[in-house]
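Number of protein chains: 2
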Amino acid sequence: MSGRLAIIAGGGGLPAALAAADPGACCIAFEGAEVTLPEDRVSRHRMERLGDLFAALRAEGVSRVVMAGAMSRPAFDPAALDVTTTGLLPHLMAAMQQGDDHLLRYVIRMFEEEGFAVVGVTDILPDLIAAPGLLAGEDPTAIARKDIARGRAILEALSPHDVGQGCVVAGGLCLGIETLQGTDALLRFVGETPAHLRREGGGVLIKRPKTGQDLRVDMPTIGPDTLRAAARAGLDGIAIAAGGVLLLDRAEILSLCRDHGLFLLADP
Amino acid sequence: MSGRLAIIAGGGGLPAALAAADPGACCIAFEGAEVTLPEDRVSRHRMERLGDLFAALRAEGVSRVVMAGAMSRPAFDPAALDVTTTGLLPHLMAAMQQGDDHLLRYVIRMFEEEGFAVVGVTDILPDLIAAPGLLAGEDPTAIARKDIARGRAILEALSPHDVGQGCVVAGGLCLGIETLQGTDALLRFVGETPAHLRREGGGVLIKRPKTGQDLRVDMPTIGPDTLRAAARAGLDGIAIAAGGVLLLDRAEILSLCRDHGLFLLADP
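The listed protein sequences derive, respectively, from chains A and B. One rule links them: number in my numbering = place in the first sequence (from 1) + 108. One rule links them: number in my numbering = place in the second sequence (from 1) + 108.
Worth double-checking, as some hints may not be accurate.
As the list claims (entries may be wrong) - Quick list of simulated restraints, FRET-style, between CB atoms:
no.: 1; chain 1: B; residue 1: Thr144; chain 2: A; residue 2: Ala250; range: 35 to 45 Å
no.: 2; chain 1: A; residue 1: Arg366; chain 2: B; residue 2: Pro376; range: 33 to 43 Å
no.: 3; chain 1: A; residue 1: Asp190; chain 2: B; residue 2: Arg253; range: 32 to 42 Å
no.: 4; chain 1: B; residue 1: Pro376; chain 2: A; residue 2: Asp190; range: 38 to 48 Å
Said to hold, decoys possible - Just so you have them, the derived chain B footprint on chain A, three or more residues with Cβ under 8 Å:
no.: 5; segment: 132-138
no.: 6; segment: 144-153
no.: 7; segment: 257-269
For the record, the hints were derived by calculation from the structure and aren't laboratory data. Note that the coordinates shown come from a computational prediction; the quantities given were computed from them, not determined experimentally. For every residue, glycine included, the Cβ atom is placed at its ideal position computed from N, Cα and C.
Use the sequences and the hints to build the structure in full.
Right, dumping it as structure tokens:
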């Protein structure tokens, strides 16, 4: 696949990693979005004026688009809407009512219908995903293995309802399920569990994409902050889906696993 | 059903309500359990000496047992175990690994095998459950109705996994799923959701028993504190399962609904 790449950038370190991997890429961010890229590297667009955005991308010779980083749900200013966006709005609003997956699938289709190829982060940075196996720490205990299986079953049950990219299970007990607020909020919640409700064995964060989730957008991600939050929550380790979860800054992740005695397992 | 009643008391106001409804009842609490009953009304027993407990109940002429109020997961002192409890321990530990329902079903069977009838709170206090209908506030909006349906679907998906007596859905987005820590912790978590992740419409707490849950033990409960926490979390209302959720102190619940403009709907 060739043609110039546009990075639609949200928060976190991923947009910068993509921009570094493809110095010729055109970096786009919506007004109001927090982006860690240098502001002179970013061209800002209004969410309400997608027609302008599509035209600008074409003028820049962009044929491929990658979306990276958490984007807050946009607040629309109806007065600023352009014709293109006004036409798209009913679909966009309907998709937003149905959960993240519907919204993101719609956004992908929207770009595709405008003639852009939507590529995944791992098409640009294939090293961000892990092959199956133990990446760090000691082999999970039998209890941790059972917790991982229980966590997977819980996430699979939730998948059709477009909820749950992660959960924490400890000694058979589910201590938290990830919702909109994300993994760090989940781990903070788990860390606040009163001691008398916890068992021996700190528990495992299970992190997987939803069944059928389009991995070109909103791929589940862990990074150094996830590891620090998992350690603070008293967990024993993290189990991710091999090939289905991005590892941001793998070297630091592995070093934090060592420092805190956490295992990191990539499950098939 | 006749015969003397024993109330196995945990935290919260329910044991006191039961004791008031049946002044002849024998009130039991495990060592370390927080109980709001006057201490001279309660006879304390060790979790490790269930043989003694069964003998004491029989000596008191007890034939019916009701369990009420949140009980922390017991910490066993192996040195204090009696023969009966030692024999039960492997089953108890196995049940504890499999989630609340397994544990509670096992505890019920344990009492039944000792010859006691296990009755539900609503057998003693039938007024604690609600008939279907709107109990307080204004009819839920169309958005709230959809949120309630989405919340039910999420809870039903989780039921076979013995997780989730409650969740919060707001404008189609799931903002939290109840785990071991209970409803108040869930509502605190929802209340901490950053404003940019929330939509118009505060959302609904959906509270239902798990499918197939034995309602004689651990029936889902709401009380004045739930209402206050729901108001603090910015919700629009609460939807409970008619006949499946206990209303502790209904008068105060309804008055808090009025004060905070919350609806309370009992769904079939």
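How the hints compare with the structure:
1. B/Thr144 / A/Ala250: 35 to 45 Å: holds (40 Å)
2. A/Arg366 / B/Pro376: 33 to 43 Å: Since the Cβ atoms of A/Arg366 and B/Pro376 sit about 55 Å apart, the hinted range of 33 to 43 Å is violated.
3. A/Asp190 / B/Arg253: 32 to 42 Å: holds (34 Å)
4. B/Pro376 / A/Asp190: 38 to 48 Å: holds (47 Å)
5. 132-138: violated (count 0)
6. 144-153: violated (count 0)
7. 257-269: This one holds; 7 residues, not fewer than the three required, reach chain B with a Cβ under 8 Å.
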